[in-house]
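Top line first, the protein sequences correspond to chains A and B. My numbering numbers the first residue of the first sequence as 1 and each following residue consecutively. My numbering numbers the first residue of the second sequence as 1 and each following residue consecutively.
Simulated from the structure, these hints should not be mistaken for lab results. No residue lacks a Cβ here, since even glycine has one placed at the ideal position from N, Cα and C. Be aware that a few hints might be false.
Residues of chain B clear of chain A, computed beta-carbon distances all greater than 12 Å [claimed, not checked]:
{"hint": "1", "residue": "4"}
{"hint": "2", "residue": "31"}
{"hint": "3", "residue": "75"}
{"hint": "4", "residue": "78"}
{"hint": "5", "residue": "82"}
{"hint": "6", "residue": "83"}
{"hint": "7", "residue": "87"}
{"hint": "8", "residue": "151"}
{"hint": "9", "residue": "192"}
{"hint": "10", "residue": "289"}
{"hint": "11", "residue": "330"}
Computed, partial: chain A to chain B, Cβ under 8 Å [claimed, not checked]:
{"hint": "12", "residue": "112"}
{"hint": "13", "residue": "282"}
{"hint": "14", "residue": "318"}
{"hint": "15", "residue": "343"}
Protein chains: 2
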Amino acid sequence: MNIIELQDYKILLGEDIWTELAYLLEQRQYSRVLLLVDENTGRDCLPLFRANINLTAHVIEIPAGEQHKNIKTCQGIWQAMMDYETDRRSLLINLGGGVVGDMGGFCAATFKRGIDFIQFPTTLLAQVDASIGGKLGIDFNGIKNSVGLFSNPEAVFIYPPFLDTLPYRELRSGFAEIIKHALILDEKYWQTIQKADRLSPHGLTHLIQSSLHIKQHVVEEDPFEKNLRKVLNFGHTIGHAVESYALQTDTPLLHGEAIAVGMICEAWLSHKTFVLKQSELKAITDFILKIYGKPQLNPKSFEQLIALMRQDKKNEDAKINFTLLKSIGNAIVNQTCGADSILDSLAYYQGLEG
Amino acid sequence: MNIIELQDYKILLGEDIWTELAYLLEQRQYSRVLLLVDENTGRDCLPLFRANINLTAHVIEIPAGEQHKNIKTCQGIWQAMMDYETDRRSLLINLGGGVVGDMGGFCAATFKRGIDFIQFPTTLLAQVDASIGGKLGIDFNGIKNSVGLFSNPEAVFIYPPFLDTLPYRELRSGFAEIIKHALILDEKYWQTIQKADRLSPHGLTHLIQSSLHIKQHVVEEDPFEKNLRKVLNFGHTIGHAVESYALQTDTPLLHGEAIAVGMICEAWLSHKTFVLKQSELKAITDFILKIYGKPQLNPKSFEQLIALMRQDKKNEDAKINFTLLKSIGNAIVNQTCGADSILDSLAYYQGLEG
Numbered sequence: 001m002n003i004i005e006l007q008d009y010k011i012l013l014g015e016d017i018w019t020e021l022a023y024l025l026e027q028r029q030y031s032r033v034l035l036l037v038d039e040n041t042g043r044d045c046l047p048l049f050r051a052n053i054n055l056t057a058h059v060i061e062i063p064a065g066e067q068h069k070n071i072k073t074c075q076g077i078w079q080a081m082m083d084y085e086t087d088r089r090s091l092l093i094n095l096g097g098g099v100v101g102d103m104g105g106f107c108a109a110t111f112k113r114g115i116d117f118i119q120f121p122t123t124l125l126a127q128v129d130a131s132i133g134g135k136l137g138i139d140f141n142g143i144k145n146s147v148g149l150f151s152n153p154e155a156v157f158i159y160p161p162f163l164d165t166l167p168y169r170e171l172r173s174g175f176a177e178i179i180k181h182a183l184i185l186d187e188k189y190w191q192t193i194q195k196a197d198r199l200s201p202h203g204l205t206h207l208i209q210s211s212l213h214i215k216q217h218v219v220e221e222d223p224f225e226k227n228l229r230k231v232l233n234f235g236h237t238i239g240h241a242v243e244s245y246a247l248q249t250d251t252p253l254l255h256g257e258a259i260a261v262g263m264i265c266e267a268w269l270s271h272k273t274f275v276l277k278q279s280e281l282k283a284i285t286d287f288i289l290k291i292y293g294k295p296q297l298n299p300k301s302f303e304q305l306i307a308l309m310r311q312d313k314k315n316e317d318a319k320i321n322f323t324l325l326k327s328i329g330n331a332i333v334n335q336t337c338g339a340d341s342i343l344d345s346l347a348y349y350q351g352l353e354g
Numbered sequence: 001m002n003i004i005e006l007q008d009y010k011i012l013l014g015e016d017i018w019t020e021l022a023y024l025l026e027q028r029q030y031s032r033v034l035l036l037v038d039e040n041t042g043r044d045c046l047p048l049f050r051a052n053i054n055l056t057a058h059v060i061e062i063p064a065g066e067q068h069k070n071i072k073t074c075q076g077i078w079q080a081m082m083d084y085e086t087d088r089r090s091l092l093i094n095l096g097g098g099v100v101g102d103m104g105g106f107c108a109a110t111f112k113r114g115i116d117f118i119q120f121p122t123t124l125l126a127q128v129d130a131s132i133g134g135k136l137g138i139d140f141n142g143i144k145n146s147v148g149l150f151s152n153p154e155a156v157f158i159y160p161p162f163l164d165t166l167p168y169r170e171l172r173s174g175f176a177e178i179i180k181h182a183l184i185l186d187e188k189y190w191q192t193i194q195k196a197d198r199l200s201p202h203g204l205t206h207l208i209q210s211s212l213h214i215k216q217h218v219v220e221e222d223p224f225e226k227n228l229r230k231v232l233n234f235g236h237t238i239g240h241a242v243e244s245y246a247l248q249t250d251t252p253l254l255h256g257e258a259i260a261v262g263m264i265c266e267a268w269l270s271h272k273t274f275v276l277k278q279s280e281l282k283a284i285t286d287f288i289l290k291i292y293g294k295p296q297l298n299p300k301s302f303e304q305l306i307a308l309m310r311q312d313k314k315n316e317d318a319k320i321n322f323t324l325l326k327s328i329g330n331a332i333v334n335q336t337c338g339a340d341s342i343l344d345s346l347a348y349y350q351g352l353e354g
């Protein structure tokens, strides 16, 4: 088992995490334990969870998917917590992907002004990204994560065999954050992931650990995203807009798929409006297209994408804020770009051969 | 002007607070300022506010009353914040009573994971109680403050002339928290408030200051209500239930009116199940009845009141938790009482001559 110690909590990673979980529960003597799952993790992960630990817990199940990461679902979770007479000495375990973790954490942190919660991420995306750093929240009015707060879990448990329950597309979605970690901070890591064979749960365990160390470094330096932490937003200004837009269509994209598009566009911005070399832009574009193919964007949507970007949390003074790349492994925060450049970057993506 | 310095922020009290507010705004250079009011403070306090400071601000108005302190109103506030392109460098000023402060603070603390807010309490209740201590939140499913969090404002500004805009009943409601502060922590203060003439805004300024000092002491010792802060819950276990119940009837009670009932009942519990002297029970009962009269409770509601108390945030292990009095000026936390004793305390109240 690998243990990453953060200032306020630990991340435990491995197949042998269960005795640690049992020990934590024994120590804390919670008055009751609630388990939040979605319909997928209720079916695929909960039996694995139950097979590994003997625990009396009330299960709350929510529908799966980003489109349910909203205040209505929160109301259902708070209601269930109330129905189970949840008190301040209760624990909520979030067993699921980013939606379950972000929304369950938000509901726990705001129920009776805050009860303990544990993150038990079951997707690659949540394991390398969402479960660490204390960002919690929901989408509001079509804008991703626009309502939420920072609050840390009691612990994060990462059990790699959960990845076996994922469709390949989900696994690939999570891999986008691994690519991002390499691009923004670690050129050697970029070389390592280039060599990654076809993504497989088994081969990913050491990458999860490397990515967690990168993310740990960033969030501990800057927990409330005043500065350094903004490097993690690379690919996310355009990516979030693409994701929000696609969510309202018949062909929604997974988070990482949208971020993959965002990383290509923002690498283009890094080259055209900044100093990223042409050769590095090409390497990034080729690698991402090789893994993700090329989801089509509708050119008619571009103006709407810009409007969505204007709503981004990261903006100040109504300018659109980006994290760009100086080179691979080297990011710079607080760059603003005008709508014209952004439209050009979307056109660049559009013109690629997928 | 009186300044109370807390660890993270200041409370400024007096008629000459406006230069301090102007200075703070000048210093912080917020990208935009939003002002939250309800229909009462929009009509009665906003003109006074505007007459004292020249400020460009977007006004968000919500309906007045505890019955609107819910997630639906929050959605309206978040939506308005979005419409005004509120970013993370924006400020929300909450100009109103406890509902505006608690709910506005909650919306600010969760919008884009938290923007700055200033509390500008306009009722006596909010000035002596709600505005200090960082408790934010809304009612959910009929249970008071069951969704919320702890977060501190940038500053609290208390301008006593706002009290002139209040009906007497509102002023009296706020006075209940002043009575509570005396009963739980300061026997001398209890003697002082006994001598208070008919409540008047002018005569209250020095009481506001004394009460703020008591509350400051308590919340700084124990910001997250692990122990000492629970003394502030005296009168609130039964009082909150009475308030929640009354809210659903044609004769809702103001917060302080319900807490006044709660303090009588819990003083009775302090005497019957604990050590409070008969003479002190009588003094408390007489003083409260003199000021508040005796709102009628419906005996048919008693079982429902018990059910509401079971939902109280303060409970652990499904027992009903109280703060009781050992003597006037001397409280003890974490006392549990059974349903029978609680019913008897309600019967005691019922039997009083109003």
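Evaluation of the provided hints:
1. Look at residue 4 of chain B: its CB is around 23 Å from the nearest CB on chain A, clear of 12 Å, so calling it non-interface holds up.
2. The claim that residue 31 of chain B lies off the interface is violated: its Cβ sits roughly 5 Å from the closest Cβ of chain A, which falls inside the 12 Å cut-off.
3. Not every beta carbon of chain A lies more than 12 Å from that of residue 75 of chain B, the smallest distance being close to 6 Å; the non-interface claim is violated.
4. With a closest Cβ-Cβ approach of about 6 Å to chain A, residue 78 of chain B is found to fall inside the 12 Å limit, against its non-interface label.
5. The claim that residue 82 of chain B lies off the interface is violated: its Cβ sits roughly 6 Å from the closest Cβ of chain A, which falls inside the 12 Å cut-off.
6. A cut-off of 12 Å between C-beta atoms contradicts the statement that residue 83 of chain B is not in contact with chain A; the least separation is 9 Å.
7. For residue 87 of chain B, the shortest C-beta to C-beta distance to chain A comes to about 5 Å, within the 12 Å cut-off, and the non-interface label is violated.
8. Separation of residue 151 of chain B from chain A is inadequate, the least Cβ-Cβ distance of about 8 Å not exceeding the 12 Å criterion.
9. Residue 192 of chain B, annotated as away from the interface, keeps every beta carbon of chain A farther than 12 Å; the closest lies near 32 Å.
10. For residue 289 of chain B, the condition that its CB be more than 12 Å from all CB atoms of chain A holds, with the nearest at approximately 33 Å.
11. No Cβ of chain A approaches the Cβ of residue 330 of chain B within 12 Å, the least distance being about 25 Å, so the stated non-interface status holds.
12. About 4 Å separates the beta-carbon of residue 112 of chain A from the nearest beta-carbon of chain B, less than 8 Å, and the hint is met.
13. With a least beta-carbon distance of about 35 Å to chain B, the hint placing residue 282 of chain A at the interface is violated under the 8 Å criterion.
14. The beta carbon of residue 318 of chain A comes within 6 Å of a beta carbon in chain B, closer than 8 Å, and the hint placing it at the interface holds.
15. Interface hint status for residue 343 of chain A: violated, as the beta-carbon distance to the closest one in chain B is roughly 20 Å, over 8 Å.
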